[in-house]
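Dock chain B against the given chain Y, drawing on the hints supplied.
Number of protein chains: 2
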Amino acid sequence: MRDISGKPALYSINTATLGYQAPLEAIIDDCAQRGIGGIAPWRRELDGRNVQDIARRLKNCHMSVSGLCRSTYYTAPTLAERRQAVDENRRALDTAAELSANCYMQVVGGLPGGSKNLAEAHRQVKEGIAQLLPHSRDVGVPIALEPLHPMTAADRSCLCSLRQALDWCDELDPDGGFRLGVAVDVYHLWWDPYLAEQLKRAGNRILAFHVSDWLVPTTDLVSDRGMPGDGVIDIRAIRAQVEAAGFKGLVELEIFSANNWWKQNQSLILDVSVERISEHC
Amino acid sequence: MRDISGKPALYSINTATLGYQAPLEAIIDDCAQRGIGGIAPWRRELDGRNVQDIARRLKNCHMSVSGLCRSTYYTAPTLAERRQAVDENRRALDTAAELSANCYMQVVGGLPGGSKNLAEAHRQVKEGIAQLLPHSRDVGVPIALEPLHPMTAADRSCLCSLRQALDWCDELDPDGGFRLGVAVDVYHLWWDPYLAEQLKRAGNRILAFHVSDWLVPTTDLVSDRGMPGDGVIDIRAIRAQVEAAGFKGLVELEIFSANNWWKQNQSLILDVSVERISEHC
Numbered sequence: 001m002r003d004i005s006g007k008p009a010l011y012s013i014n015t016a017t018l019g020y021q022a023p024l025e026a027i028i029d030d031c032a033q034r035g036i037g038g039i040a041p042w043r044r045e046l047d048g049r050n051v052q053d054i055a056r057r058l059k060n061c062h063m064s065v066s067g068l069c070r071s072t073y074y075t076a077p078t079l080a081e082r083r084q085a086v087d088e089n090r091r092a093l094d095t096a097a098e099l100s101a102n103c104y105m106q107v108v109g110g111l112p113g114g115s116k117n118l119a120e121a122h123r124q125v126k127e128g129i130a131q132l133l134p135h136s137r138d139v140g141v142p143i144a145l146e147p148l149h150p151m152t153a154a155d156r157s158c159l160c161s162l163r164q165a166l167d168w169c170d171e172l173d174p175d176g177g178f179r180l181g182v183a184v185d186v187y188h189l190w191w192d193p194y195l196a197e198q199l200k201r202a203g204n205r206i207l208a209f210h211v212s213d214w215l216v217p218t219t220d221l222v223s224d225r226g227m228p229g230d231g232v233i234d235i236r237a238i239r240a241q242v243e244a245a246g247f248k249g250l251v252e253l254e255i256f257s258a259n260n261w262w263k264q265n266q267s268l269i270l271d272v273s274v275e276r277i278s279e280h281c
Numbered sequence: 001m002r003d004i005s006g007k008p009a010l011y012s013i014n015t016a017t018l019g020y021q022a023p024l025e026a027i028i029d030d031c032a033q034r035g036i037g038g039i040a041p042w043r044r045e046l047d048g049r050n051v052q053d054i055a056r057r058l059k060n061c062h063m064s065v066s067g068l069c070r071s072t073y074y075t076a077p078t079l080a081e082r083r084q085a086v087d088e089n090r091r092a093l094d095t096a097a098e099l100s101a102n103c104y105m106q107v108v109g110g111l112p113g114g115s116k117n118l119a120e121a122h123r124q125v126k127e128g129i130a131q132l133l134p135h136s137r138d139v140g141v142p143i144a145l146e147p148l149h150p151m152t153a154a155d156r157s158c159l160c161s162l163r164q165a166l167d168w169c170d171e172l173d174p175d176g177g178f179r180l181g182v183a184v185d186v187y188h189l190w191w192d193p194y195l196a197e198q199l200k201r202a203g204n205r206i207l208a209f210h211v212s213d214w215l216v217p218t219t220d221l222v223s224d225r226g227m228p229g230d231g232v233i234d235i236r237a238i239r240a241q242v243e244a245a246g247f248k249g250l251v252e253l254e255i256f257s258a259n260n261w262w263k264q265n266q267s268l269i270l271d272v273s274v275e276r277i278s279e280h281c
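If you read the protein sequences in the order shown, they are chains Y and B. Position 179 of the first sequence, counted from 1, bears residue number 179 in full-length UniProt numbering, the numbering being contiguous throughout. Position 152 of the second sequence, counted from 1, bears residue number 152 in full-length UniProt numbering, the numbering being contiguous throughout.
Chain Y on its own, in the form it takes in the complex (with noise of 0.2 Å):
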């Protein structure tokens, strides 16, 4: 296991953690003055932007970008709907590309509007998934599975589970050609009893490993986590595993608060961020 402890190059900072506040070129600024090794942005960010400027920006800061955040949901009622997912998605592809981003972060969409067939929804992302991997190869982007807490089936991911996901990356891309893999979030996953004995299956499916807190009491079912440290999750034991099975990407932190964390400004959030994963992660 590696000792990250005041190694914020080994740190990336997923921009959703900053709440949104400030542009790209600012978040980037702010991450290299603190040595921070890596960003995952999002599209909305990027969209009308010019993403080569960006590139080349993170480059001349000698920083990388963990994800691209992330998918447009392939489940929906209707043929066209999910077609249209696919092409942003395969559109999003070429985005990541050009920011040389380590893998595409997929979350996958709950139940079709207004149905209750959840077996229908992992057939609807699995088929939307199997239509991009050729292009994912092609750009050299892989695909990571983001397995997402169950709470959010309904309405945000009908992957729940890294069990799950690895099935779906063994039926998706069996022999590996396609690099498709997982992301692994502390925030998701850490409940599950099988979590060590998946972990290891994955091996070097592993594209990202996302750190967070579950809080005590949790008040929201998307926007209360923690800082690592404020809540229960022994995350540094989930490292031991993720690295054991051979990851040896940045420690990205993702956390959406919209009750407390937003509503610090950026630099207090970054320092605070920084000094957490070195402690806690």
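It cannot be assumed that every hint is accurate.
[What the hints assert, rightly or not] Derived coverage of chain B by chain Y (criterion: at least 3 residues anywhere in the stretch with Cβ under 8 Å from a Cβ of chain Y; other residues may be distant):
#1 5-16
#2 157-166
#3 182-192
#4 211-217
#5 228-236
Honestly, the hints are just simulated from the structure, not real lab data. Values in this document were obtained by computation on a predicted structure and should not be read as measured data. All residues carry an ideal CB built from backbone N, CA and C; glycine is no exception.
Same frame as chain Y, but now just chain B:
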């Protein structure tokens, strides 16, 4: 699969659904008036009461107890607290026996206060259950392990999936001599893509079947459950699997709804309950 439509004798009302407004006698009478086949009372409603009187009243109304709710948490920082929990649960088994309850419902507890050690929580629960099994057999009331939704893992239940519950059954009661089993609650388990395979595996370990619905959006992690039909769970499809596995017991409605149903009066809640089980379960 049974046709339960319009057959309230096959329904049970978990008294939590009614918001703890009336004493058990009034609940039993109101349920009996509607031809409801059973209730699942809570220990708090029986404390200091003459349980045999309650049992007699139920018998006179031709009603049964689909389960007694629920265990004192098994997880705690000190051995003394854990011993006390087992003692309390032993006494609760006696109460369950007086009521001829179909099972004693287990909500097992989350992380022991202040700890991040999920494996230790699992160990503590299994240790406590193992200590109770002989008494469960002696009084003739089987213990039902209820996996709760993963969003409760920190503070209510480190037991989060049917697979985990069945693994624990196999470990603690390999030959079924203690009749250790599980409670299948659609609210807690609907998201699990492996639910169907685990229900097949469960067979006659299924001791209880609970219904309610997952609302979108869900605004509280505990007390924002919906009436069947108001959410996204395909309850009937799950019941088909539960009954294919061999379950023949009552369909129990259990809703926690601080901001909606608990504000209604008992008669209305019961009328809607019967209608919704009939139409949507």
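So which of those numbered hints doesn't the model satisfy?
-> 1
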